[in-house]
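Protein chains: 2
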Amino acid sequence: MTKVSPLAPKGGFPPLPAIDGARFSHVQAGVRYAGRPDVMLATLCPGARIAGVFTRSSTRAAPVLDCQEKIGLASDAGAAFLVNSGNANAFTGKNGAETVAALSRAVAAALDLPATRVFTSSTGVIGEPLAHERITSKLNELVAGLSEGGIEGAARAIMTTDTYAKGSWVQLQTANGPITIAGIAKGSGMVAPDMATMLVYIFTDADIEQPQLQETLSELTARTFNRITVDSDTSTSDTLLLAATGKGPQPDTLVDFQEALGKVMLDLAHQVVRDGEGASKFVEVRVTGAADEADAEKVARSIANSPLVKTAIAGEDPNWGRVVMAVGKSGAVADRDRLSISFGPILVAENGWVSPEYSEEKAAAYMKGQDLVIHTDLGLGEGSATVWTCDLTHDYITINADYRS
Amino acid sequence: MTKVSPLAPKGGFPPLPAIDGARFSHVQAGVRYAGRPDVMLATLCPGARIAGVFTRSSTRAAPVLDCQEKIGLASDAGAAFLVNSGNANAFTGKNGAETVAALSRAVAAALDLPATRVFTSSTGVIGEPLAHERITSKLNELVAGLSEGGIEGAARAIMTTDTYAKGSWVQLQTANGPITIAGIAKGSGMVAPDMATMLVYIFTDADIEQPQLQETLSELTARTFNRITVDSDTSTSDTLLLAATGKGPQPDTLVDFQEALGKVMLDLAHQVVRDGEGASKFVEVRVTGAADEADAEKVARSIANSPLVKTAIAGEDPNWGRVVMAVGKSGAVADRDRLSISFGPILVAENGWVSPEYSEEKAAAYMKGQDLVIHTDLGLGEGSATVWTCDLTHDYITINADYRS
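If you read the protein sequences in the order shown, they are chains Y and F.
First residue of the first sequence: 1, per the numbering used here; consecutive thereafter.
First residue of the second sequence: 1, per the numbering used here; consecutive thereafter.
These are computed hints drawn from the structure, not numbers from a lab.
Keep in mind that the hints are not guaranteed to be accurate.
Which copy? The list can't say, so a pair holds if one copy fits it or any two copies do.
Here are the computed lysine to aspartate or glutamate pairs in the EDC-like style, where the Cα-Cα straight-line distance is at most 16 Å [stated by the list, open to error]:
1) K94 / D335
2) K94 / E350
3) K94 / D337
4) K70 / E259
5) K362 / E316
Looking at chain Y on its own, in the form it has when it is part of the complex (with noise of 0.2 Å):
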């Protein structure tokens, strides 16, 4: 098996509380993998609300069209997730759409519940009909297995080349008792010809409508999962989904709810960051003083996907030439000689030029850690933007050239 990512939180998968109204199993279906889990299933109790946002390609996958379908569609019965990897029946014609409604009936069936509540989704190999009847076979044994407990297990199946497994949690007291969110996510290792596709399933017992839950996780990606980039690249088949179960209290205001699950999601997404293909560094872009916010975003990701900014990390080389060239392209107003560039604590450009004060060296060394903050501020006015990227190495070439075969 691959080495863990060197950017792994400390302490191993952390252990997550059980969230009243969601139970959760895996098996070995051997979908592709052989002797190891590859099929997860989770089930929430009737009332359960469920919100989802998905990639923006528009060549998206199956189980993720049929998802955008079923996700608006009212109902108080209880839903299921079943999730698999080792294939994403992506770009599978119409075989595509019919293996999913397949698998929908199935767990449908051996459910009890309706076919528009089961959410599927698939990762792995494109290209390829999904055997369904692998898992169909399994769904016996996947049901008999359902437990509170089940979640570590659950976030174990549905790993790609993930090298560890991504959970977070957070309590959030109420006037009535505490509310729990519980998430775990995978991505974005890759092995050709795999998507390194996101997916990333969230868990709590709060009572809460629909429209507010889906509301509150619209805004909050934009912040966290939509201001994650490993390449630039942008799977088939990312898919988010949220499930809140309404057995335990409402939260007291919605913002408190939402700064509770923003930091559950934003904890994700760092931790698909950190499992980037080949990744040795964690970078926090942070832009501040554009013009708006949108312009600050556009700097912020045209440094982060920038080729040379990422293998100038690498590199431990505090190459500040290359953010400037980052900035320049990146299509938003920018003043040269009112930009400012630090690294970490390090004021290295400013006035368009290099800082009198700057010292390569000290630079240099602070380029040696593994958690750096590259921030530019424009100088210009309020917008700012953070977007949290890896750096470009060696062995991301190494995984992505590799020949599928």
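Starting from the known structure of chain Y, arrange chain F on it as the hints suggest.
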């Protein structure tokens, strides 16, 4: 020295013909490199018309800003292009513009020209002041060395980490005799912290007015130099200058001239890609059937810039799934089930799935070639576009992750 790119044109530097009214020279000024020519001078006869296109970066270097100001000024005087390698005079604060002014004044005095007719470019390390007196102290030598046959030496003097000098030429017949067009270029080899700057200088004896010259150049740039990509990054110094001496005939039609100039520009653009950092494959990304040309270009750029596509090519992997991914993330209108993808003559995918006649073995054999064509048809409309790129290899990382000092 670096070994010559495996993708370099066979036969070495082409025998560029003299252009009546243009003379060339080069010297070793020791700007940064020792023991090699690093400054070129080109002079144009009185009445020569000058056109130019420049990087769109918002952090453009001082020489670029200066050229842009001068390019629109009408003049019947002669003109000069002065180009140095080793230092880009970029992001050097106020110092940058002062250096450009000093160089322009010195060349103008040496050649008895107005300073507004002296165009300078600089390529190399950024953020360090350019020691312009090293160049001005060699001006007498440069002027003494001017000759009609000196263009190959000029091409070599502007190289930075290019692995070969780049030249191209054509002759265009007219009712009044031939028009000759000859050009040189550098790019896009790069050593940290140099930018992968592209500099191009094209000379013709055609008798053509400045507005037509500029319009033709701008139009052709959109289909040649703006359709190549090595790593999606954009230099702060990219410059293309075109001089027409007027010593030869007028073209019979502007279209004739456009076509001839386009050949030189496309050839030079391809040579730049063929010298991309670490490149082992030259790839033509052709997109047809898009809703319109803008969409076609979006898709072509998305494929050509995708690290996952580029690493697959480096790995000689016919990974059409990554092409589907790149189409999906491009932002262009696309329908997964109408896409078809070919690698060279091999139809790989159609109707949203792998083609029934597809043979992985044949596709893998095709990918072992050095010049590849990836053709995506979106099946929607008449929009088409072509972008040229290279693969993303371990050598790219090695070149760009090396520490500066």
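Tested hints:
1. K94 / D335: Between copies only: 13 Å across chains, 51 Å inside a chain, cut-off 16 Å.
2. K94 / E350: between (56 Å within a copy, 12 Å between copies)
3. K94 / D337: between (55 Å within a copy, 9 Å between copies)
4. K70 / E259: For K70 and E259, the Cα distance exceeds 16 Å both inside one copy (27 Å) and across copies (55 Å).
5. K362 / E316: For K362 and E316, only the intra-copy Cα distance (12 Å) is at most 16 Å; the inter-copy one is 42 Å.
In this structure, the one hint that does not hold is number 4.
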